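Engineer: Fit chain E to the given chain D structure using the hints.
Chains as they are written, first to last, in the working numbering: chain D, 512 to 596; chain E, 207 to 1233.
These aren't lab readings, by the way, just hints derived from the structure by calculation.
Among these hints, one or two may not hold up.
Calculated cross-link-like contacts (lysine-lysine; reagent style BS3-like; alpha-carbon spacing at most 25 Å) [unchecked claim]:
hint: 1; chain 1: E; residue 1: 824; chain 2: E; residue 2: 919
hint: 2; chain 1: E; residue 1: 867; chain 2: E; residue 2: 847
hint: 3; chain 1: E; residue 1: 732; chain 2: D; residue 2: 525
hint: 4; chain 1: D; residue 1: 525; chain 2: E; residue 2: 438
hint: 5; chain 1: E; residue 1: 288; chain 2: E; residue 2: 319
hint: 6; chain 1: E; residue 1: 479; chain 2: E; residue 2: 259
The structure presented is a predicted model; accordingly, all values stated were derived computationally and were not measured.
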Amino acid sequence: MAKLIGEPVKVHQKKSDEAPSITAFIWRKRLYRVNEVINWWREPADWWSGNTLRFFVQVDATNSSTCTYELYKMGESWFLSRVLD
Amino acid sequence: MNFTHLHVHSQYSFLDGASTIDDLLQKAKQLGMPAMALTDHNRLTGAIRFYEKAKALDIKPVIGAEINVENGYHLTLLCKNKQGYSNLCRLITDAHLSNRGKAPIAAKKTLAKYNDGLIAFSGCDKGELPVLVNNGRIDDAKIASDFYRTVYGEDFFIELIRYPQREYMSNSFQLIELAREKGLPVVATNNVHYANMDRYRIKELLNAIDQNIPVSQLKGFRTVEQYLKSAKEMNELFSDIPEAIDMTEEIAGRCNFEPELGKLYFPGFDVPKGESESSYLSKIALKGAKKRYEILSPQVIERLQYELTTIEKLGFCGYFLVVWDIVRWAKARNIRCQARGSAVDSLVVYALGISTIDPVMPNLLFERFMHELRREPPDIDLDIDRRRRDEVRDYVYDRYGAENVSCIGTINTYMARGAIRDVGKALELPENTIDEACAGIHWLSAAQLLQKMDNRPELRNGNIYRRPEMAEFFKLCASIDCFPKHLSVHLGGLLISKRKLSEMIPLEWSSGGDIISQYDKDDIEKLGIVKMDLLALPTLTVIEDTITNIRKNRNIDINLDNIDPNDPQAFAMLREGGTIGTFQLESPAQREMAGRLLPDRYEDIIISISLVRPGPLKSNMDKDYLPRRHKKKSVTYLHPKLENALDETLGVILYQEQVLKVAHDLAGMSYAEADGFRRAMTHDRSGEEMENMRESFISSAAKNGVNREISEKVFEQLAAFAAYGFCKAHAAAYAELAYQTLWLKCHYPAEFFAAILSNQPMGYYPPRVLLAEAKRSGVKILPLDINNSCRNYSVEGDSIRIGLMQLKGISSETIESILSERDKSKFDSFRDFILRVGINRRSAENLIKTGACSAFDRADVLLSEIPILFNLKHKIINETQSMFGYNDIPKFNKSEILFGSREEERFVERKLLSLDISSHPLDFFNIGTDVTHMKDLKNQGTGNTVCIAGSVIRYQTPPTRNGKRVMYIIMEDGTGIADITVFGDVQEKYGNILFREGWLLVKGKIQRRGPMSLSIIAEELSPLEAN
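Isolated chain D, as found in the complex (with noise of 0.2 Å):
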């Protein structure tokens, strides 16, 4: 089961430009604490309507519990696009 969200997260990088080396992201003000990315990706913008292209990244993360959360970047913000069980 997925559950969509699209809203913006704060992420902790080791270094901005590289999505993998995510630490951590700041979801309605609650730390999630990143223990494996799962898997990474970028996908093709609407380029034609002025849109940038998305990078995606599947990490586990503990907050309470572990999940795995879906993030992606736009430009220069991040946005959380799913939760998945």
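Structural biologist: Relative to the frame of chain D, chain E by itself:
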């Protein structure tokens, strides 16, 4: 950590590859890759330039292609060796030629036939195995893999491509499983379509253009991953299967095909028994020379022998025989055909009847055409009557075998306008926005569009180029600059080979149905396949038609070999600039030169043609020559030894042949060495190389007794001239045709203009300008007439009758029907015409509107008869009414006259005939009273201010010496032609008008650079307002 990209598409994967070969190789170099393959879709068009560029960057080139096989599956193929390349050429050729009008498909049996020397990969996600695996048809995939394994043995690999995505690369794992089960090796590729990730947008844009849909409607899998990834990125992607990475290097090591560049391949000629190509050529050349010259002088015999020896030494005898054979065949069928270019320097060419210019009399130098030190293929270009050129081409196919002959392909690439139209359509821009963006663009590449926006007045002032929301659009247009759109036929170029061409080069169909090489002429030349240019020249058709018209109209047979070469009337017309319609002499620059040179002899035409070229004009050569010609400056020579070479041009170097003579006479070089010297100076040389050449020239001249100061000056003149001088032989060949057209126009204007108007499009001016010129030459223009008009323009006494072909929308069948019915008997009424001729209503109406039926009744009456007549015709055809009904047509009420006003007439002429016959459009513009008619400009002196009004025939922006753009506008007003010069400051001021307006009011000052020359220096421009 090494990896080699073995599946790479460049821009030569037409409308799919989004990066150029240069960009891909540069990226590979940056990434430190030792090798790279090029695998464009179904073509090898980019292979030779890829090979050369890769070598230059010290990257090992691997040549291959991704071809379509049965069911549209893709297959990646790489050439291991020469045999593999030859087989790939044959496979690609077969895939194209056996699927005319459709996508190329290689049959599986053909794969098996041409397998040797090739390495095969199972292909991208459109490959047979990946598709079957994706569809869960594992057993079928196994069968298919067995087929490929059988065909390619150990050279068949399972291709693994991984694009990171949400559903993680499942296909690649299944393929690995299949490979393991079948014991097949695997190889990793990235199916590269662009050098850097950001070009994915360009790929999508190109795909949308290719499919003729908006980019937003593109279907299928989208990715940004098909870029040239680093070895590190590829290793990470395939970390679970490193052997797929290692295999790339091993495969690159197996591919060692090197194209043989520089070797020459000649067509063969079957000579009579007992003869060699050389002995036969000598025999026919001698026979031809005897025909050309009544008595063979020792000079002719010696030169002939010298040329034949050189031709034999260079191995070109077969080539000369083939050209001779083609010309002989054409001339036997009365097809006008003759050589142009430096080949005219050859006595053998003249003796064989290939050229019409005697090279001995004006001492044209054979070495300018060919010599032993020049190891390049010979190049004899033939001009052929345009209407009959294809007959000659068909003969070549029949004579030398369809598989040994092909046309040369030419790559059509994006310029600014094409890019704006196609990108605009893909991005769904409104039509009027696209039109606006195209309006101010005049001969610009897409990339220049961005560069020139700031300094071209017509772009700077165009609002659309400044709108921020359009910036990205123009960037996208620029990003496909010079990208290929399609292959088409190179005009004239023909390849003739001893062996099947498809063994050496890949071939395909052109859209017009010709078989063409996938390589362009430059790559063909590098591969050493000798080409021949059979060029369709409409001037030869016009000459032939004019002579036919004269014979029919006046019962006179004209033999152009016997006309007076210095006819005073023709030269008077030339001096007065009355050359519109003539070959090579009609451009504004030539007309202006005639007014300055004041030609009065045949040689002047050769001089004029040689002078009016960008190079000589840029270097002010005219300013050196003309004062000497008019005795305003004395003729001097830097050294007496130069007199022999330069006396024909009064001490000024005008021809390339003279460079050879000067180097020979002054520095003691042989003519062959002198040509090498000339050619060396035409190329970009380093300062050091140039200095070496200078020293060598000066020391040779010193041995000849010429002092350093003089030889230095001569060297400087030669160096300045060599780059832009004109070949005299070529000028002489053109001058002959130019003079023939001038003479025909002068003495038989009606016949000449009927011929030239019947052969449009050709030349410099549109038909309406030619028609106006015909009127000025005293020719009356007769209207279209169903009882008198022929298919094309015809001559009636001193008049020209407009032809039926001129009518918009009329079919060939209708014209044929009119002509064949009229042959039986003339039409005695409009009813007779409609009932006898196979014609549709629209064409019948148009004929009435253009006055073609006015002999029968008023246009409105005839138009009102049409419905009833067609109804009656229908009934007759269906036999429901007897022919008696033909006379029972009711009387019509004559309505108000629809036609007859001058405006209406002009509108109809323009719309239906694209001509202005009864009046000039300028009559309907509000031009004021202070406007000077162009015919009266000749009365104006230098510095006079005039105002002219007229239609723009052409804008020109030739290169200039200082690099600043000067614009020339040719205008006409029905009474004459005017040449307007627009300098930078005026361009700045009127940028929003330039290239956009078809009708202009120009105020400017008269400039006369010679007694008869005249142009207007523009000061003010404004669009003309209609009444």
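Engineer: Which of the stated hints cannot be reconciled with the structure, identified by number in ascending sequence?
Structural biologist: 3, 6
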